[in-house]
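Chains as they are written, first to last, in UniProt numbering: chain A, 1 to 338; chain B, 1 to 338; chain C, 1 to 338; chain D, 1 to 338; chain E, 1 to 338; chain F, 1 to 338.
One thing to keep in mind: the hints can contain errors.
Because identical chains share one entry, a pair is satisfied inside a single copy or across any pair of copies.
[What the hints assert, rightly or not] Quick list of in silico lysine to aspartate or glutamate cross-link-like pairs, EDC-like style, CA-CA up to 20 Å:
(1) Lys3 with Glu188
(2) Lys85 with Glu177
(3) Lys327 with Asp59
(4) Lys158 with Asp125
(5) Lys85 with Glu110
(6) Lys214 with Glu297
(7) Lys158 with Asp131
(8) Lys151 with Asp195
(9) Lys158 with Glu188
Quick caveat, the hints were computed from the structure, so don't treat them as lab data.
The lines below spell out each chain.
6 protein chains.
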Amino acid sequence: MPKRIAAFGEVMMRLTVPGVELLSQSGTLHYTFSGTGVNVASALSRMGHEGMIVTRLPDNPMGDAAAAYLRKLGIGLSFAGRGGKYLGMYFLENGFGVRPSRVTYTNRLESSFNTAPEGTYDFADIADKVDAVHFCGIALAMNDGVRAHMKALARAVKQQGGTVIFDCNYRPSLWGEDGYDRARPHYEEMLRLSDVVLMNERDAMLTLGLHTEKEARREQLEELIPQAARTFGIRTVAGTHRFVNGDNSHSLQGFMFTSGQFAYSDLLTFAVYDRIGAGDAFASGIIHGELEVLPPETTVRYAAAAGMLAHTVAGDTPMSTAQDILKAMTASAGDVER
Amino acid sequence: MPKRIAAFGEVMMRLTVPGVELLSQSGTLHYTFSGTGVNVASALSRMGHEGMIVTRLPDNPMGDAAAAYLRKLGIGLSFAGRGGKYLGMYFLENGFGVRPSRVTYTNRLESSFNTAPEGTYDFADIADKVDAVHFCGIALAMNDGVRAHMKALARAVKQQGGTVIFDCNYRPSLWGEDGYDRARPHYEEMLRLSDVVLMNERDAMLTLGLHTEKEARREQLEELIPQAARTFGIRTVAGTHRFVNGDNSHSLQGFMFTSGQFAYSDLLTFAVYDRIGAGDAFASGIIHGELEVLPPETTVRYAAAAGMLAHTVAGDTPMSTAQDILKAMTASAGDVER
Amino acid sequence: MPKRIAAFGEVMMRLTVPGVELLSQSGTLHYTFSGTGVNVASALSRMGHEGMIVTRLPDNPMGDAAAAYLRKLGIGLSFAGRGGKYLGMYFLENGFGVRPSRVTYTNRLESSFNTAPEGTYDFADIADKVDAVHFCGIALAMNDGVRAHMKALARAVKQQGGTVIFDCNYRPSLWGEDGYDRARPHYEEMLRLSDVVLMNERDAMLTLGLHTEKEARREQLEELIPQAARTFGIRTVAGTHRFVNGDNSHSLQGFMFTSGQFAYSDLLTFAVYDRIGAGDAFASGIIHGELEVLPPETTVRYAAAAGMLAHTVAGDTPMSTAQDILKAMTASAGDVER
Amino acid sequence: MPKRIAAFGEVMMRLTVPGVELLSQSGTLHYTFSGTGVNVASALSRMGHEGMIVTRLPDNPMGDAAAAYLRKLGIGLSFAGRGGKYLGMYFLENGFGVRPSRVTYTNRLESSFNTAPEGTYDFADIADKVDAVHFCGIALAMNDGVRAHMKALARAVKQQGGTVIFDCNYRPSLWGEDGYDRARPHYEEMLRLSDVVLMNERDAMLTLGLHTEKEARREQLEELIPQAARTFGIRTVAGTHRFVNGDNSHSLQGFMFTSGQFAYSDLLTFAVYDRIGAGDAFASGIIHGELEVLPPETTVRYAAAAGMLAHTVAGDTPMSTAQDILKAMTASAGDVER
Amino acid sequence: MPKRIAAFGEVMMRLTVPGVELLSQSGTLHYTFSGTGVNVASALSRMGHEGMIVTRLPDNPMGDAAAAYLRKLGIGLSFAGRGGKYLGMYFLENGFGVRPSRVTYTNRLESSFNTAPEGTYDFADIADKVDAVHFCGIALAMNDGVRAHMKALARAVKQQGGTVIFDCNYRPSLWGEDGYDRARPHYEEMLRLSDVVLMNERDAMLTLGLHTEKEARREQLEELIPQAARTFGIRTVAGTHRFVNGDNSHSLQGFMFTSGQFAYSDLLTFAVYDRIGAGDAFASGIIHGELEVLPPETTVRYAAAAGMLAHTVAGDTPMSTAQDILKAMTASAGDVER
Amino acid sequence: MPKRIAAFGEVMMRLTVPGVELLSQSGTLHYTFSGTGVNVASALSRMGHEGMIVTRLPDNPMGDAAAAYLRKLGIGLSFAGRGGKYLGMYFLENGFGVRPSRVTYTNRLESSFNTAPEGTYDFADIADKVDAVHFCGIALAMNDGVRAHMKALARAVKQQGGTVIFDCNYRPSLWGEDGYDRARPHYEEMLRLSDVVLMNERDAMLTLGLHTEKEARREQLEELIPQAARTFGIRTVAGTHRFVNGDNSHSLQGFMFTSGQFAYSDLLTFAVYDRIGAGDAFASGIIHGELEVLPPETTVRYAAAAGMLAHTVAGDTPMSTAQDILKAMTASAGDVER
């Protein structure tokens, strides 16, 4: 049965230099609008749910363009207000082979989202109308205003019996020096409010400060994740291990810990077109499985296939339907479909 | 010595979404005109022959655009009439890695070609002016009118002593349910009229209903193809085995059965840019070898190299010259030619 | 106060050759999705209402692309079902100066919309949820199935007390020989069900068969429109007179007949970028005025300004907001806004 | 009845900067292939004749691209040989308003055409197979080799009873200092071989050195053209007077002197998209009228309309069909055709 | 004799939606880098001088792209430092006819230029190396830091005997409420430091608060400009009167007041392609005339022609050479140059 | 410490067909300006030096465009004169997999560079102002005039104590039949003037005519290079061995012989985007190391990494900074940098 999920987060304008040229070589940009919330709401819409975004857009042509783009993706905008003057933006120069891609941000702290005053969102109304709400650690890094919005909304949804999902997604460049220490109390507060959490053993060690004597990633994972789940009362923890291979392919394995058990997907290996947003596709697969109460083994395989497909699509935002994902769970690399 | 070859078939407009975007992401299409007959006539022109097409185009700007495009490819249009109102079209969304390409057709049954009335083509005149004629199983799937044209033209050419070539090319989606049973009598009639046939062991089993106890593809092939050749009085049967590898490369091996003997090309492995139309390039290589009476070993290697090169070219239609193919038969992967 | 308006009509894919090249010169197309219903629903959304479309889209990538595009325009899709296999399409080659633009249609009669079986739409549900419904004479030209849908929906809305709007929009090429005679009974039936009608004196004479001795257009208009309104019980009749000037500019004057009185806009003269869809913008302005119960003088000036602005926008679909239109009603030709 | 016309001339690659950018601003070029011969052969093909080109193309990818483009235009290539290594090229930067367009040539004197040795063309064979042949003063400016080819071909065609057409088209930059004096003997020789000549009073004065006391252009024309026709035994002389108006429109009037009488078209005024090649469209209209033996009044109006339409088409090469031209002779500025 | 001129000002990234689409319709942007200082330095380089910019660019890929673009324009960067993180940006949606263009700014106050700390520029070194320095009222509107830089640099140059140029360029949206009052003291300080000033009677009235009883613009001008020159000790005051005509053309007349005399250009009327930056081209013409000590009548005609040509070029930045401008001063609307 | 390096060489316009289409399939070209000298000067600028070019550009819009492009790359133009009329050009059709790229040249012998008369360059002035000068064997193949310029400049720099660098770069197609014999004396003269030479064992054998009994490349290299260095008095010889792998990747190993010792880089394997210009990047790395007096092991690793990165960048010209190269020397294949 389709559910209503609201994702809280900033909408950013992505300005991509076409092909593999540098910003100093080209004269053309392609623009789309994305963000973790956008990606999750869009992915869940394609899986048959009603994905909505809780955000604030400027009341000018850039806000209009963002709104049009989000509607195109099938994202509900009834919780997306207008106000402020700016939209966060980032420039993407695609790498090739050994030359990495480069991301350059503009000043997102002045954006409509990051300057939204108290009272911008009607948390009670949102909590009333959704089955679940999704948050991401990127928003948590912004400022006290945004953090206050996040916690208030999480609390409102929890109180109404909705599911709270939190993706740790710690970005060192956003938190700066002593970032882990400054971030920890906020992460802990979000984790205590959450039912479903996206994290792995590195988050547990670095962000939460948990310790282990183990050295192998799998062993670290299996020791620390149950510990974190217990400490913060989290129903389900899920995440991925990713490996960048030499030949422009990546490998990815998903895991999920729930009801005291780990489930793992196969290790999937695949060619990569655009890796930004693939983590959000995996998260959306987990959310789908949790909301539809699928068996953990199915959920984690579904989420890993969703993540894999997101690497093959242009742009940040997952475009695969539930049907595409189910096909990818069974099929081998495909030829033309006609 | 250059020969005159007419290919009978529908001209379709191919509308390709640029890059790897979906139709719902992009706003731009690149269009070309293709079809099995177009591909074969174009490939044979590049091999030094006079390739012509027997078809019907609408008498409107779309027909004008198709005619201009075919002329550009070097295809003779003296047997291409004008009439009707529509052109078959298909949309192509390129896949990437594990995400397959998608083809969406418009209603081709209303096309000028598929609604051509009796009397549209002057079969005696065509038979008089050509050395060979090429047909394809896709056209056979259309409707009774098209099938009647095909058989009448094949008979006219056979009677005049020309070579009749038939590419089985069975498309399940076009014949629908019980397709093999409905198709069989038409295939049998075309095979009896044919001198050179493109087919493999799967066609023999599924389309013609032949049986074998063998399990390996090569063994099936070597049992069934001679049987089919004998049954229908076919001089030469040729085809390919294709393998889709994990790393965006394909492997292809050509075979040719003639005068009671099999000849095989090497197994060629190569990166793939656009695989549509590669089978037609192979067929054109076989036709070239048959018309020029080359040794079967040369013909099948030439045809396989032509098929391989067609995977490296943008669009459906083979663009390689005889010289390019000869070079590819000897050379290893090339660097810049300057 | 915002109203809910449903527009009934076919969604078509418009494939435009960029610049002023011919289809036989170019290799690229830009595609959008439009149709009278799309244009009206989009225009009304930009005027602050909730515009929805009643239509049927194919359940394939073309339907997905159309739906995404309509959502981007802000059009509600809750009455837009999925089924059938094809989408109507047309190719547009832009003219320049004395060289006219050319439109070439594909076979739209096989489209999902034109083959929608009885029972496709839930008329009672639609009538229940809207304040007004809009129809267009183009759909009336399609086939009996579409005509039956139109009349049933008009009746359902009328019965529920909603406003029925009908744009005569007679297209000679669609009705063929003896078209006016074949069309007349259907037009008369629609007019009887309608509250607001878009038509001018030519429609009255040709489609309805009314007669006048007058020769000047204005005099013909002022004699025949009141007569038509009386005969069919129409509350409001509106329309435009358009003049194509020599220098790539057009002139346009709107009229509106309601409560026994004519109101006229000024004669507006302006440079033209893309004239397709401008009539729908005018119609939308009239609908806005009627639903908001503005004075007729205001409504007709607003509608004329909306029509004028639609000539300055790329694509069929009006993109101007109520604010843009109000500004255009007062301002002279603008410089940069910064 | 369709005729066979061969146009002798160089094929050049035109490299156009898109939009109105300068070569130092852009990074993209659009390329086509043109030349007076190309334009005339293409225009006559669209008028229902068989247009062919007598030229020499390099035997490399540039020659292949040129040949493909000419075939696309419908130009017969049986008299177009391959040899040499280079193709003449020119860069076009579009002007805007008061800023003129700029043309920059590459070294065309080394081109395959301009270095074609004696014996390149089989003049007797060409003369045998055509009804008429077209020459242009641009080719006459190249070098002695090209001039020798021109005169030999003109003589061969004249001897076989075919029609010889010559367009004076004197380009000062190509003849350099003392150009008129150096050019005169060659012009006189071509005029003596010609049946139909494109020239106006300025050619008569500057190139042929005729004198008049008159000052008005029309009076000069009516004095000098009959004198030139008499002197060189020319059946028909035709040409245009062009006026560049302030508002990006041009005006054009065609004249034709034949059987001792002048016929004039109306003065046509129209917006201009791409003026290169419009003179060739006018010439083609005159040739069509002469070969079809139309009344001079009809021919000159047809030619003027063809010239006018050529200003509205992208690229050098006229794309209008006979039907388009006939419509333009009657119609006023057109709206959408659908 | 070529001079060295430094222009002080912010470099902005201009992101233009191609064609006439809105930001919410397109998905592509073209980017260039501009600003008053960029435009003036570039224009003067094309007039044969050495144009340099005094600015601060971010030390990241955006700064690299800006620097590459400025070098391409021929602007010297030896006074352009690196530091800070952001570049000011603006989006431009082109209007058409009655629909005005729209400019949307991002947060430029955080830009590298606007956050440049004291000590960023070495004013003595700059003053030592230049003949003249150019300032603009836009920079004056930014913040106290920028204003301090401006005044210090003006003082340094004045002290060294260089020429100080100031373009009033008051932008109401940048100064906000009570803007004229807040701006006045800064303007007065700059005017006192300046030798050459770009301003007109409106600046005199609004920005400087001068009064006149006259009503005609010309009379106001001739009363107020000498008064302002006297008050602030300005050697030369120049400016333009611009008229937007109905048909997409503008008219422009330049004036210049120096040595107690007014000189005027003709009223020039011309079609407009991109009007942004045209005022800077006029200013550059005045600067050129002043530095080359041309007669005022020549200078003002040269400047007006430079301003006119800048309307015909893509992008903000004037691209015309001295030679182009001299040709435009004499010629009428041009045809192709070949 | 940054050095001043002048590279002597022709600037060519590169016209690339976008994607993998052939010149006969496309209608669009992207143009840039390159050449060995351009590539080396640009690469050295990005490594922190002052790279200049000694060349001659036409005084027309093509020369303007080339100059603007070179400035954008950061190349100093104070030794680049204007004169002559043409620019060398080449067309590039990208290959794919087994289909090689194709380069087609226009007539470069008529270019401004190749027709530069004696006295074009002020060799004494250049020698006075630079630390090093770079030459390439391609220029040596042009004509006696160019060879005279090269030798005179090399002598002037040597005399002033600057470093002379020579890249052998023998191109068989430019020297034609008996090319090695005709080239040898010129190569020998350049080698005697050179301090640093780019060559490998094949150059030693073919161009210089040295002999070895060894068969392995490494053994040939280690025998012949010291011999060549000794014979011609060369301080440092460097070069690469390149291997084209099956899967669109190349492998590259750099070597350097100096002070009687060989140093080698690792064998680097990487995916290739555009291989033209990669040799120049390697050469630039060697020059950087020599001028900065780095240890040979560091220099050769730095040069190999620079060469590798140049394969991943669009266009001929290396775009990597010293920082990028240092990162590539340590890092493994990168993910997104954000």
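Given identical chains, is Lys214 near Glu297, meaning Cα to Cα at most 20 Å, within a copy, between copies, both, or neither? neither (25 Å within a copy, 39 Å between copies)
Could you place Lys3 and Glu188 in one of the four classes (within, between, both, neither) given a Cα distance threshold of 20 Å? neither (27 Å within a copy, 47 Å between copies)
Quick one: Lys151 to Asp195, C-alpha cut-off 20 Å, is that within a copy, between copies, both, or neither? within (14 Å within a copy, 52 Å between copies)
My question is about Lys85 and Glu177: at a cut-off of 20 Å on alpha-carbon distance, are they close within one copy, between copies, both, or neither? between (29 Å within a copy, 18 Å between copies)
Measure nothing new, just compare the shortest in-copy and cross-copy C-alpha distances for Lys158 and Glu188 to 20 Å and report within, between, both or neither. within (16 Å within a copy, 59 Å between copies)
Give the relationship of Lys327 and Asp59 under a CA distance limit of 20 Å: within one copy only, between copies only, both, or neither. Between copies, since 18 Å is at most 20 Å while 41 Å is not.
At most 20 Å between CA atoms: does that hold for Lys158 and Asp125 within a copy, between copies, both, or neither? Answer is within: at 13 Å inside a copy they meet the 20 Å cutoff, but 35 Å across does not.
At most 20 Å between alpha carbons: which applies to Lys85 and Glu110, within, between, both or neither? both (8 Å within a copy, 14 Å between copies)
First find the shortest C-alpha distance between Lys158 and Asp131 inside one copy, then the shortest across copies, and answer within, between, both or neither for a cut-off of 20 Å. within (10 Å within a copy, 38 Å between copies)
When each numbered hint is compared with the structure, violations occur for hints 1, 6.
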